[in-house]
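4 protein chains.
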Amino acid sequence: MTVKSEFLKAPIEHVDITRDSVVPIVEAMGQMAYSARDLHRAATIYDRMLRDRECGVILCLAGSLISAGLKRVFADMIRNHMVDAIVSTGANIVDQDFFEALGLLDDDKLRELHIDRIYDTLIDEDELRVCDETIHKITDTLDPRPYSSREFIGEMGKYLAETGAKTGASIVLEAYREEVPIFCPAFSDCSAGFGLVAHQAARHGKPKVSLDSAKDFYELTRLKVKNESTGLFMIGGGVPKNFAQDIVVAAEVLGHDVPMHKYAIQITVADVRDGALSGSTLKEASSWGKVDTTYEQMVYCEATIAVPLIVGYAYHKRGWEGRTSRKWSSSLDKDEV
Amino acid sequence: MTVKSEFLKAPIEHVDITRDSVVPIVEAMGQMAYSARDLHRAATIYDRMLRDRECGVILCLAGSLISAGLKRVFADMIRNHMVDAIVSTGANIVDQDFFEALGLLDDDKLRELHIDRIYDTLIDEDELRVCDETIHKITDTLDPRPYSSREFIGEMGKYLAETGAKTGASIVLEAYREEVPIFCPAFSDCSAGFGLVAHQAARHGKPKVSLDSAKDFYELTRLKVKNESTGLFMIGGGVPKNFAQDIVVAAEVLGHDVPMHKYAIQITVADVRDGALSGSTLKEASSWGKVDTTYEQMVYCEATIAVPLIVGYAYHKRGWEGRTSRKWSSSLDKDEV
Amino acid sequence: MTVKSEFLKAPIEHVDITRDSVVPIVEAMGQMAYSARDLHRAATIYDRMLRDRECGVILCLAGSLISAGLKRVFADMIRNHMVDAIVSTGANIVDQDFFEALGLLDDDKLRELHIDRIYDTLIDEDELRVCDETIHKITDTLDPRPYSSREFIGEMGKYLAETGAKTGASIVLEAYREEVPIFCPAFSDCSAGFGLVAHQAARHGKPKVSLDSAKDFYELTRLKVKNESTGLFMIGGGVPKNFAQDIVVAAEVLGHDVPMHKYAIQITVADVRDGALSGSTLKEASSWGKVDTTYEQMVYCEATIAVPLIVGYAYHKRGWEGRTSRKWSSSLDKDEV
Amino acid sequence: MTVKSEFLKAPIEHVDITRDSVVPIVEAMGQMAYSARDLHRAATIYDRMLRDRECGVILCLAGSLISAGLKRVFADMIRNHMVDAIVSTGANIVDQDFFEALGLLDDDKLRELHIDRIYDTLIDEDELRVCDETIHKITDTLDPRPYSSREFIGEMGKYLAETGAKTGASIVLEAYREEVPIFCPAFSDCSAGFGLVAHQAARHGKPKVSLDSAKDFYELTRLKVKNESTGLFMIGGGVPKNFAQDIVVAAEVLGHDVPMHKYAIQITVADVRDGALSGSTLKEASSWGKVDTTYEQMVYCEATIAVPLIVGYAYHKRGWEGRTSRKWSSSLDKDEV
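Residue numbers (my numbering), protein chains in the order written: chain W, 18 to 354; chain E, 18 to 354; chain D, 18 to 354; chain C, 18 to 354.
If you're looking for bench data, these hints aren't it; they were derived computationally from the structure. Among these hints, one or two may not hold up.
Said to hold, decoys possible - If the Cβ cut is set under 8 Å, some of the chain D residues that face chain C in the computed set are:
(1) Ile155
(2) Pro161
(3) Pro163
(4) Ala203
(5) Phe204
(6) Phe211
(7) Ala215
(8) Asp233
(9) Tyr235
(10) Thr238
(11) Asp263
(12) Val266
(13) Leu271
(14) Val275
(15) Pro276
Just so you know, even glycine gets a beta-carbon here, dropped at the ideal spot from N, CA and C.
If we strip away everything but chain W, and leave its shape as in the complex, we get (with noise of 0.2 Å):
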């Protein structure tokens, strides 16, 4: 019997940073050159963040990263308060977390379909088709006006909350218990976009609920308006980093004069030269007047090693203790224009 075999059998848990001291390895790699000294940087970074009790935290998510492993460890950040809003690509959230939510995956499955980047092959048809349809009879229930996807996701978690999720941890759930608004800039790009679709088709001719991404940039500026201190801890790139660090740029043009993000940590494996954002660099923002430089740093490595060493640092050196919730989705809630 191989090493595979055994492996796969073995029994599934996803990633727990609260359960183990990572801070004497990461420290040790702050001794050294290169991505480890990296990794330690952005660490301390994301430890002054939750120390700095001005400073909101807004999480980026771009790539494959819940059905990786990464599930528990972003709903521990929000249990924990170590995040105060989240932007993601459509996938993480609708069709990785929610799906998960909803039952229609274990996540010995799950896991075991993605070893060989074969998760989107394997879904059931039939499985499928309860998301959509899930998604479909949640916006069938709305008023049909447009949407922020922020609402849209609140709307989601709210239907978790009252029909009951089914799997231990889910950012979509935990978000909407703590008040942490999740924005997905291109929300009809992902399995949300099939219901969505569904439902407009469907409402032919007549008021239709429609995703409005105006709205999702204007409701994250109105947090930075709000709230003047900001750091950015961005896994991947694509739209969720580039969202992000704009609404310093929006509220200048709304006449607020505020202060670029303070703090700016990026995980990524692209890279500087292919001529796409993903990769440019946290510099690049800074001119620009995004990002502060004295405490940015970019990390490349692959997300699934870094972010539990970075995230677990954090953890165990307890600077979130006595961090509450800004309660910032029931904020932009009543201010709703």
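On the provided structure of chain W, position chains E, D and C as indicated by the hints.
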């Protein structure tokens, strides 16, 4: 005097693939291994797409392409009916193409700024304001309802047609003239977002223009339903790639049994190992029922080198002759729902 | 004061994997996907190599590793009999390890220089001369004949043992003491080359010391013939990886029917698509009869992060206890041909 | 029938850069940004090297290049005196060029094998033995003393000249004819190593041929001393790049105050962030006194695409006309020490 300074003084010209034939070098590459061979195969597949008169060609753009010198290539593709729909990041369409078309940057300055990747940093605040205000102004003229990005970009093209574009070639303007729809599924994630946020803030409490990303997805899906044979020409990955691939599934959700994308080529330097979609192989899309594998090819090369060779090859092979505009943009307007 | 300046003032310490256990975090990574899971599997394979008492462990080093903070990790591997032979680029062994052991750079200065990748640039000309001259001096004491790099590095170790190394841990010195052979198949391609060229120029027309790379290959092959069960622990690719893999074939050429390498792990960020060997997969080596695929794993991660986790895991699992030195270096000296 | 199968049936031809001019497309790339612009600048620097009649051009080869379809490009460079010395990995020179020149593989088969990167795996055991035995046979005819790889490869060229190469173009044969020295600093790290090990084993206890890597370095250094103005054309990184850069320092160690390499271009897809030398920038080499930065350019592109464009450009610019062979190989033989 160094080569560098001499180089910067040279007269600027967007690459014109219609002038000199690259057919011999691309054919020679077909005899080699690795990326050269892949590039040749991608070029022949694009030529094949154009000769297949049933096939609708969807061009997907991610990364800084327009301002990197490829604007004229895409404009020539539109003018010669070598493309039927475009799905892009907002940065290419708004920050680069539309911004230049307003005459805010001349090509010389643009390119010079670009050279050291400082494009974003040196744009004048005042010029930026002009772009924001133009978007804001266009938005204010519209009926306050949800728009697809395709509709909104059509209004931008109309504005350029009426006020006169200040540059030789503009994608937005050419696409407007040829009735080629342009979709930006994350439209607020570019400087258009600033103008839209300004509009929504100014319309406090009153009906507003909103950007409906679900409508984007629904419209592109309807094109697939109407024109079952499709080919994807993807430059970079990100949201445009994902969005265009997913319309096959969305069509099924709406009850239409459409075939997979028949042709698919992608140019990227994203790494397959980072868990993000940009580098996911076309084989994966295939196993999920989105892309047929008979005519698919990924080319691992930076776009500024690969695009002129691939499009230049197809241009000089002249398989596109006799191809006419599908007028998909007005077709969508007509069956507006 | 910025985090950066604070960071630089922190006391320097090479990472000590023997102090705190990383077993829990590495085991947690085994439950995840992508690189985390690969890293865990590589760690378990290394542990398995050590528990397999027939297996000779060959460590391959390419890239700047010693001065990046991994010196103590490798020294601990030697001291605890977790490695039986080393194949390395010359830079790690001569420019970094031996250079420091001569006391020409203290650890603090070395690391500081390294931080911005300026290591090579700031070394004092005079200090460089001392290293060259030491190599030249050692060479002059030798019998003028062809040497394997293994023999020459053994003389460097003897020199350190006799004159006293100036640093806490030196790979060259520890390997000399534990009779672990070190091979640098491209030995002239480092600052040792300068001393050797000076020697050969000075010996104009007279018998000279020469560095016989064929002898290196012959010696390493003889180790494979004597100890058929072998495992490779490869950090980076390049010549060391290729050289160590090829001894299986070389043994066959000499008429010995030896098995493939039974275990193989590689840590690299080289890309599989560039046509170079560093990124060639272990599957390829396997199809060529060099590496068995039952226990093989590639980890896509920068070495400063992955090595402390993998070696730390194996150290704290203590599968190496009871393992003794194979004394391969003196074994090769004895059957000198 | 798929494009793929059609493609495989196409007649095979090594890329011939002398036939069709790529000057227009390369010049057009000079107007763009990113890699296209870098490629153009590298091409103009190579043209400039050739027009500078003082300059000796050193070509560095790493990665699978010969069998990927670039053999004829390099042969044309030698025949037209566009290169004065070559530093390469052994695989290009022995496993690919010499192996084919022995007629053991025809081009069709070679390329087909290469296509799915299975080159190494499908070579017939018996054919491999012929190559080993040829090397072994050549070695046995030599005086038993230390040889530089340059001397040994010269003997291989002589063997081909006397017995007749079986392929249209062989680097080893053309270089022998034009007296262009070829250095493989890690010569045993290719299938030549098998023949050399067989020779040394058979000569047990008797004087043997040995491969002296220090002599390689000494010889290349002497060329730099004799011909102070030099330019590097590096394809890939690894040992050849490092070796060729270091001769500037080695010349200083020998007491000669030589200038840095005046020109340097490198084509690579290695990442600057991995701590290995392949991706280290030319700026670093510069700060260490090895490479002048006035005329240096790195091109991030796979070699099969970039090399035909860069060499084709320089060929058709015809700056090499009137350039003659420097006969460095016989020059080194004459002052043999």
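Here is what the structure says about each hint:
1. Look at Ile155 (chain D): its Cβ only gets to about 13 Å from chain C, farther than 8 Å, so that hint breaks.
2. With a cut of 8 Å, the hint placing Pro161 (chain D) at the interface with chain C is violated, because the nearest CB-to-CB distance is about 10 Å.
3. For Pro163 (chain D), the suggested interface contact is upheld, since its CB lies about 4 Å from the closest CB of chain C, less than 8 Å.
4. The beta carbon of Ala203 (chain D) comes within 4 Å of a beta carbon in chain C, closer than 8 Å, and the hint placing it at the interface holds.
5. Annotation: Phe204 (chain D) was flagged as interfacial toward chain C, and the flag holds, the nearest CB pair being 6 Å apart, inside 8 Å.
6. For the restraint placing Phe211 (chain D) at the interface with chain C, the shortest Cβ-Cβ distance is roughly 5 Å, inside the 8 Å limit, so the hint holds.
7. Hint status for Ala215 (chain D) relative to chain C: holds, with the closest Cβ pair at about 6 Å, below 8 Å.
8. With 8 Å as the threshold, the beta carbon of Asp233 (chain D) comes within range of chain C, its nearest partner Cβ sitting at about 6 Å, so the hint holds.
9. Restraint check, Tyr235 (chain D) versus chain C: the minimum CB separation of about 5 Å is within 8 Å; hint holds.
10. Checking Thr238 (chain D) against chain C: minimum C-beta separation of about 6 Å stays under 8 Å; hint holds.
11. Interface restraint check: Asp263 (chain D) against chain C, minimum CB-CB distance 7 Å, threshold 8 Å, status holds.
12. Because the beta carbon of Val266 (chain D) sits about 7 Å from the nearest beta carbon in chain C, less than 8 Å, this interface hint is met.
13. Nearest Cβ of chain C to the Cβ of Leu271 (chain D): about 6 Å, under the 8 Å cut. The hint holds.
14. With its C-beta approaching chain C no nearer than about 14 Å, Val275 (chain D) sits outside the 8 Å limit, and its interface hint is violated.
15. Hint status for Pro276 (chain D): violated, given a least beta-carbon distance of 17 Å to chain C, over 8 Å.
Of the numbered hints given earlier, the model fails hints 1, 2, 14 and 15; all others are met.
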